[in-house]
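Trainee: So the chains spell out like this:
Number of protein chains: 2
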Amino acid sequence: MTTKKMHAIDALHEAQKLAFSPLFFQAVLTIRNLGILDYIFDKDGQATIEDIVRDLGLSDYGVRLLVEAAESAGALSVNEAGLLEVTKTGFFILKDRMTQVNFNFVQDVCYEGARVLEDCVKNGKPEGLKVFGNWPTVYEGLSQLPDRVKKSWFEFDHFYSDNAFPSALKIVFDPKPAYIFDIGGNTGKWSMLCCEYDPDVRVKILDLPGQLAVSRENARQRNLLERIDFHQINLLDTSQKVPQGADVIWMSQFLDCFAVEEIVAILKNVCQAANQNTRIYILEPFFDNQKYAAAKHSLIGTSLYFTTIANGNSKMYSVEVMKNLVSQAGLVVSQEYPLLDGSYHTLLECRKT
Amino acid sequence: MTTKKMHAIDALHEAQKLAFSPLFFQAVLTIRNLGILDYIFDKDGQATIEDIVRDLGLSDYGVRLLVEAAESAGALSVNEAGLLEVTKTGFFILKDRMTQVNFNFVQDVCYEGARVLEDCVKNGKPEGLKVFGNWPTVYEGLSQLPDRVKKSWFEFDHFYSDNAFPSALKIVFDPKPAYIFDIGGNTGKWSMLCCEYDPDVRVKILDLPGQLAVSRENARQRNLLERIDFHQINLLDTSQKVPQGADVIWMSQFLDCFAVEEIVAILKNVCQAANQNTRIYILEPFFDNQKYAAAKHSLIGTSLYFTTIANGNSKMYSVEVMKNLVSQAGLVVSQEYPLLDGSYHTLLECRKT
Numbered sequence: 044m045t046t047k048k049m050h051a052i053d054a055l056h057e058a059q060k061l062a063f064s065p066l067f068f069q070a071v072l073t074i075r076n077l078g079i080l081d082y083i084f085d086k087d088g089q090a091t092i093e094d095i096v097r098d099l100g101l102s103d104y105g106v107r108l109l110v111e112a113a114e115s116a117g118a119l120s121v122n123e124a125g126l127l128e129v130t131k132t133g134f135f136i137l138k139d140r141m142t143q144v145n146f147n148f149v150q151d152v153c154y155e156g157a158r159v160l161e162d163c164v165k166n167g168k169p170e171g172l173k174v175f176g177n178w179p180t181v182y183e184g185l186s187q188l189p190d191r192v193k194k195s196w197f198e199f200d201h202f203y204s205d206n207a208f209p210s211a212l213k214i215v216f217d218p219k220p221a222y223i224f225d226i227g228g229n230t231g232k233w234s235m236l237c238c239e240y241d242p243d244v245r246v247k248i249l250d251l252p253g254q255l256a257v258s259r260e261n262a263r264q265r266n267l268l269e270r271i272d273f274h275q276i277n278l279l280d281t282s283q284k285v286p287q288g289a290d291v292i293w294m295s296q297f298l299d300c301f302a303v304e305e306i307v308a309i310l311k312n313v314c315q316a317a318n319q320n321t322r323i324y325i326l327e328p329f330f331d332n333q334k335y336a337a338a339k340h341s342l343i344g345t346s347l348y349f350t351t352i353a354n355g356n357s358k359m360y361s362v363e364v365m366k367n368l369v370s371q372a373g374l375v376v377s378q379e380y381p382l383l384d385g386s387y388h389t390l391l392e393c394r395k396t
Numbered sequence: 044m045t046t047k048k049m050h051a052i053d054a055l056h057e058a059q060k061l062a063f064s065p066l067f068f069q070a071v072l073t074i075r076n077l078g079i080l081d082y083i084f085d086k087d088g089q090a091t092i093e094d095i096v097r098d099l100g101l102s103d104y105g106v107r108l109l110v111e112a113a114e115s116a117g118a119l120s121v122n123e124a125g126l127l128e129v130t131k132t133g134f135f136i137l138k139d140r141m142t143q144v145n146f147n148f149v150q151d152v153c154y155e156g157a158r159v160l161e162d163c164v165k166n167g168k169p170e171g172l173k174v175f176g177n178w179p180t181v182y183e184g185l186s187q188l189p190d191r192v193k194k195s196w197f198e199f200d201h202f203y204s205d206n207a208f209p210s211a212l213k214i215v216f217d218p219k220p221a222y223i224f225d226i227g228g229n230t231g232k233w234s235m236l237c238c239e240y241d242p243d244v245r246v247k248i249l250d251l252p253g254q255l256a257v258s259r260e261n262a263r264q265r266n267l268l269e270r271i272d273f274h275q276i277n278l279l280d281t282s283q284k285v286p287q288g289a290d291v292i293w294m295s296q297f298l299d300c301f302a303v304e305e306i307v308a309i310l311k312n313v314c315q316a317a318n319q320n321t322r323i324y325i326l327e328p329f330f331d332n333q334k335y336a337a338a339k340h341s342l343i344g345t346s347l348y349f350t351t352i353a354n355g356n357s358k359m360y361s362v363e364v365m366k367n368l369v370s371q372a373g374l375v376v377s378q379e380y381p382l383l384d385g386s387y388h389t390l391l392e393c394r395k396t
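Heads up: the protein sequence lines correspond to chains A and B, in order.
Residues in the first sequence are numbered consecutively from 44, following our numbering.
Residues in the second sequence are numbered consecutively from 44, following our numbering.
Just chain A, same shape as in the assembly (with noise of 0.2 Å):
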């Protein structure tokens, strides 16, 4: 429904959904965690709020409670006879890998920080990260978290990165490339995958400390280290250059985590470095190319992570954005692949002009 068209009626209650909406989140998540959705899932629109409170040992009170929100909330829906079902809404919460991670990273990661993302946008700052410690940034600090929160941090980015990789590999390696420079590499995936799928590419991961001995001690595990180069740089200090020589420099996912004069900066960095023939890759999800609204609201809300628990300055960026700010860098696209093997991924091939 567009917003022109709606009725007021509906809007208003559009708005109360905004106003309740945490607790609504509380109330699905719990059923789900509870093993409530799962049960009457199980029951195939035969169950009611008797069995589940007999056969889950939960209180009357409680089990009414979750089906009465579950149910406002979309992801139930109750027949006269007081039968339960799990609707679409509701499958997706129960058994959809993507809307899980989403869950988890939101309730465990960012919803006791985002409650002062008002003080984030005033001061630039991820204020919300003090509830787990007092770091600049998540980075410093993601080894340290709970490891419940690490957990559902990990699955998260994991989900949302690796799923373009194999077309993104085809588009790399054609033509082939001698020396690939994985800038960002963080625990070396995408550089292990390089070396697995060109037993003749060579790669450096540039990286901070902490990431490069993660990435070195994956690619020992995997034999690669006689392939893999590391080179420490902190690409925040613009006195720090990205060193000459690669046939492609790539990024994957790593701009986002930087604020757009910032991302100047690193692209001009990256400029520097290269020459006519340098390829430059840029992996990201833009959220204004996407298929399906699902994706686009999920990046946005993504965003407000990035403020309120990351960083406080960066944001996933729209593809226009982000071509203004490759120009901005002396570079210019030359190829645009967007949603690679049906991903959230859009891959931006640079020269230098």
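By construction, these hints were calculated from the structure, which means they are not laboratory data.
Which copy is meant is left open, because identical chains are indistinguishable; a pair holds if it fits in one copy or across any two.
The calculated lysine to aspartate or glutamate pairs, modelled on EDC-like cross-linking and capped at a C-alpha distance of 20 Å, are:
1) Lys173 <-> Asp190
2) Lys165 <-> Asp81
3) Lys165 <-> Asp98
4) Lys173 <-> Glu155
5) Lys173 <-> Asp151
6) Lys48 <-> Glu128
Model the placement of chain B on the given structure of chain A, informed by the hints.
Mentor: Here is chain B on its own, set in the frame of chain A:
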């Protein structure tokens, strides 16, 4: 859109809206609190992000983030020229008193504590209340809550209780009662209205000592001490009996503060105090006979507040459940007055069987 007819892709979107809803709640609240929504409304379709940054002195990053989030939440629309407009939903968020009251109540009173809803359901206790203090229920702690929390609590409480009273007075005073018992009379608002409505009526407020102190002071200021009696009672202690002698026994938004077993005990206590001519009134916003989906949703959201913050065992009830409790207590509903004055409240008139 009914869930049966919903396309899977729309259901996936709904599921992601739920998953990220606490973040979008914060974004919408922040864009309201920082005056951005108001600014866009005043500019009547002509505001740009650049205007807001300049005129409100906020960062380009912060404004862009909030505008993208508010658009995705349905509170704003952005046209192809980058001009911003407040949607109908956004209009209610900005201007509608109920929506304002609900947002403030959820943020200030409920948000932080609601995070532990799962524990509340398991333990039957308002575990979320611990973010404010170690009281068994919110009622003991009300006077000690931080000012902003207290303000949001009372604004919410008053907003929903007052608008049904004018119609209710006409019903209760036809025929004229000589003596009204106001059970759970709280600040004495209803009792004082009765005294103003009919110069002959006497009222007895029955409540806990703290509430009686407040209502006595209010009655004193209005010179009503000669017409209002004060009777200290804890209705959770079944040995404390409601006295006899009332023509009308009145309970307004009182029973929703108790669990079903407690409600039956209270109604039995009322029953023993009544004779065949005593009219017993229950005024409640029942969630299942609301005219608008917005109201039903808000009431069910309010149940989640009772679970996490108020007392851990009460909720908003359906009229069917309440009638069943009335009957268990030996009473019968003799009249039902739904949605008084276009309010959310239904008045049940009960008699001893």
